Amino acid sequence: GAGVSQSPSNKVTEKGKDVELRCDPISGHTALYWYRQSLGQGLEFLIYFQGNSAPDKSGLPSDRFSAERTGGSVSTLTIQRTQQEDSAVYLCASSPRLAGSLSYEQYFGPGTRLTVT
Amino acid sequence: AQSVSQHNHHVILSEAASLELGCNYSYGGTVNLFWYVQYPGQHLQLLLKYFSGDPLVKGIKGFEAEFIKSKFSFNLRKPSVQWSDTAEYFCAVNNYGQNFVFGPGTRLSVLP
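Chains as they are written, first to last, in the working numbering: chain A, 1 to 117; chain B, 1001 to 1112.
Incorrect hints may have been included.
[As the list claims (entries may be wrong)] Chain A is nowhere near these chain B residues, computed Cβ spacing over 10 Å in every case:
(1) A1016
(2) A1017
(3) G1028
(4) L1056
(5) V1057
(6) S1070
(7) R1077
(8) A1087
(9) S1109
[Claimed, not checked] The following label-pair restraints were derived from C-beta to C-beta distances:
(10) A:E44 / B:S1070: 27 to 37 Å
(11) B:S1052 / A:S27: 24 to 34 Å
(12) B:S1070 / A:P8: 43 to 53 Å
Keep in mind that the hints were calculated from the coordinates and are not lab data. Bear in mind the structure is a predicted one, so any value in this text is a computation, not a measurement. Quick reminder that beta carbons are idealized off the backbone N, C-alpha and C, glycines included.
With the hints as extra help, turn the sequences into a complete structure.
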C-alpha cells in the first residue's frame, strides 16, 4: 500500500522567505510526527499530532516554526523568515497509534531536503 | 528527560565480520525500543522492535537485538555482515504518552 509521502522532495529558498512542507500520512494513521535531521546529526523531534491536535509542540525550535493538521490527515510544516541554520532534511512519520495504546511504531516518509541560501 | 546514546559514531567492517552496535537509554519506566536503518539515498525503515515478551527480538535481514532491562540497553547484532548492510542505524525509545527519542545514529561501512 501507499507509504508516507512528502513534498517537495527538495526545496531551495532564500534567507528570509517562508516555506511550507507537506506530509501525507498513511491512510488511517492517527498520529503524525515531524522531525529534523541535520547533516551528521540524529533526528530532532519537532512536533507530534494525535488526530488534528498537537499535544506535544515542545520540539519546535522557535516561533518561526508552526505546523497544522487538518481532517486528521495531511499536515503542513511552515517555517517563516527562514535562516541558514534551518537547512536540514525534514522528516515526517505516521503511526497507527490509538489513544491509550502502549505499543506502536512509526513509518517514515522520504523527507524534504531544505536548503536556505 | 529521556535520552538515547549509541556507542559508536562510525563502524567499519569487512564482509562476513560480526556486528554489534550499542544502544543505551535513560528512561526507567516501561519502554518500547526500536532500531531503524537508513540505506544511502533511502528513507528510514524499521529494522526491528521490542514491545514486550522475549527480550531477544529478530528483525529483517538477519538482524537481532537483545533488551537487557538491568543495563538499559538494546544492542543490535548480526553474525555476518554484507556489503549491502552499509547504512546508518538509529536506536529509538518511546514510552506511553511520550514521543520517540532517537539516538545520534551509527554509520556502518562494510568493505567488500
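Each hint tested on the structure:
The claim that A1016 of chain B is not at the interface with chain A holds, since no C-beta of that chain comes within 10 Å of its own (minimum 28 Å). Interface exclusion of A1017 of chain B from chain A stands, the closest Cβ pair being 24 Å apart, more than 10 Å. Every Cβ of chain A is farther than 10 Å from the Cβ of G1028 of chain B; the closest lies at roughly 16 Å, confirming the non-interface assignment. Non-interface status of L1056 of chain B relative to chain A is upheld: no Cβ of that chain comes within 10 Å, the nearest being about 17 Å off.
Its beta-carbon lying about 12 Å from the closest one in chain A, V1057 of chain B satisfies the requirement of being farther than 10 Å from that chain. Non-interface status of S1070 of chain B relative to chain A is upheld: no Cβ of that chain comes within 10 Å, the nearest being about 21 Å off. For R1077 of chain B, the shortest C-beta to C-beta distance to chain A comes to about 20 Å, beyond the 10 Å cut-off, and the non-interface label holds. At roughly 14 Å, the least C-beta separation between A1087 of chain B and chain A is larger than 10 Å, which holds for a residue marked as non-interface.
Annotated as non-interface, S1109 of chain B keeps its C-beta farther than 10 Å from every C-beta of chain A; the closest such distance is 15 Å. Remark: the range hint 27 to 37 Å for E44 of chain A to S1070 of chain B is upheld by a beta-carbon distance near 30 Å. As the Cβ distance of S1052 of chain B to S27 of chain A is approximately 28 Å, the hint placing it in 24 to 34 Å holds. Taking the beta carbon of each, S1070 of chain B and P8 of chain A are about 47 Å apart, inside 43 to 53 Å as hinted.
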